[in-house]
Amino acid sequence: MRPASRTAAGKGVQFSASPVLALKLPVWRSRAVLFALFAGFATLAGRALWLQGISTEFLQKQGASRYARTVELPATRGKITDRNGQVLASSMPVKAVWAIPEDVLEAPAEKIRELAALLDMSEKELRKKLDSDRTFVYLKRQVEQDVTDKVAALNVPGIGMRREYKRYYPDGEVMAHVVGFTNVEDIGQEGMELAFQKNLAGVNGSRRVIKDRLGRIVEDIESVRLPHDGKDLALSIDRKLQYIAYSNLKEALEKHKAKAAAMVILDVKTGEVLALVNLPTYNPNDRSKLTGAQLRNRVMTDTFEPGSTLKPFPIALALENRLVTPNTNIQTAPGRLTIGKATIGDAHPHGMLTVQGVLQKSSNVGTAKLALQLQPQQMWEMFTTVGFGQQPKLGFPGAVAGRVRPYKSWKPIEQATMSYGHGISTSLIQVAQSYMIFARDGDIIPLTLQKAGDQPIGQRVISEKTARDVRVMLEMAAGPEGTAPKAQVPGYRVAGKTGTAHKLVGGQYANKYVSSFVGFAPVSDPRIIVAVMVDEPSNGFHYGGQVAAPVFSAVTASALRALNVPPDSAVTDIIIPTNPVEESM
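In terms of the working numbering, the sequence shown is residues 1 to 585.
Source of the hints: derived by calculation from the structure; they are not laboratory data. Note that the coordinates shown come from a computational prediction; the quantities given were computed from them, not determined experimentally. Any given hint might turn out to be false.
With a Cα cut of at most 27 Å, we get these calculated DSS-like pairs of lysine-lysine [said to hold, decoys possible]:
hint	residue 1	residue 2
1	Lys240	Lys250
2	Lys79	Lys198
3	Lys240	Lys393
4	Lys451	Lys408
5	Lys269	Lys411
6	Lys257	Lys240
7	Lys393	Lys411
8	Lys129	Lys111
Please build the complete structure, drawing on both the sequences and the hints.
In structure tokens, the structure reads:
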């Protein structure tokens, strides 16, 4: 007989029939669980919609910032050439070496030492650069290709290279003050590099790339903007004339143990600056020892009292106003002239001189007497019209205006001293340009440092007759009986005027001088104007006729031959008197 329990089981009695095992749940609980599950799925769906729909652009940017970069594509800077196409400045491809400090410091010490040696720095200096919280540092800029190849061969982790350009100047110190230079970012800092920065630089391009964690480019994404290279710049400078001027001026600087010197050569026909030299100078390819004195462009930025080089202007004005003729007699005896409480004088008494003789002998007394016949306004207008007190419109950085005081405040003694170049300040480029009115038959044209295409239109200052009369006087001044016989050039007629002026130190005239000479040639058909200034000659001579005139002669002779200008004189021997006339200061 079977047990009762088994029989019950066989009959299919459910366990839930037992009151102990019966499960009783409230209806709301199951519904709450169902609602929670539904809400969870809805939240996930909403989040997915937010991330994949609404926030897609933001998330893509965030992701791209981890691996995508915009790489700059540098534009090639334009070349600078002379008027004949000779390259004066060009860009060479180089590289910048950069690092991710935390990765580089994990490299073996031996490789870090080798890297420092290749970059021409001490290991201590290199580690100092790497000891940084930044994720990116430049180790060295503008590194030559052969060096970067060796750096790459080291295979140091965290080291990368970026393409850039380095400016190279073939003529070095000879062209330094004209061309100027750029900094490590290839931005112009001085000279024409600065003046024409926008045109030379061009516009950099860019592209999007994917980089790995070590900064290596693994894929190009797109080209965002193509680079536009800078434009080439053709200067008015003639490379041959620049070398001629530089070598002769350097020789004079050393011979006279001078503090500094400057020279400029102008084309009379076009107003182009054919040469511009300053000493001391510097090498723009190696500026590690550059000083302020070397950097100064004295032709443009330094002012000085021009001295007797200004005497032709009041004389021309007196002729123009028909107060005198070239042959009018002027009494300069006894070699002194008292105006108020002040007295001016000549280096040597000359007695009676014609107006021609006043300029030929460089008489302060004679020039002052002529100037005092003029109205102050007339002199002031003459000075400003030829450019004194006006900033040269050359577009050159740092060019100064000089100083010409308003004529209403002039006293008679001041008008007299300004007539021979004292109490007025000018730059060498201004004095050179002012002589255009004598070389160009009475008109003046603007100057340019760029190669000119068209003939400029001149501004009439004095009549053609007055200009030619003064030209004769300037030729006499540069002749055997004038103050600058050493300015003569075999085979060519030259005209010009010496200048010697005391320097102002602390508001007082000191026993220091600026010696100068400004002239043009050939007189029959002037082609070039040459202006020379020597600052503080200290080897026994200081007069312009002794110091500056010989430099003018040497440079003018070579320049005229280089320009293939035909001779206009049969005289082949320079005549220098035993006791040349000394100019008055």
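Status of the hints after comparison with the structure:
no., hint, in the structure
1, Lys240 with Lys250, "holds, 16 Å"
2, Lys79 with Lys198, "holds, 13 Å"
3, Lys240 with Lys393, "holds, 25 Å"
4, Lys451 with Lys408, "violated, 40 Å"
5, Lys269 with Lys411, "violated, 38 Å"
6, Lys257 with Lys240, "holds, 26 Å"
7, Lys393 with Lys411, "violated, 31 Å"
8, Lys129 with Lys111, "holds, 16 Å"
This entry does not satisfy hints 4, 5, 7, going by the numbered hints stated previously.
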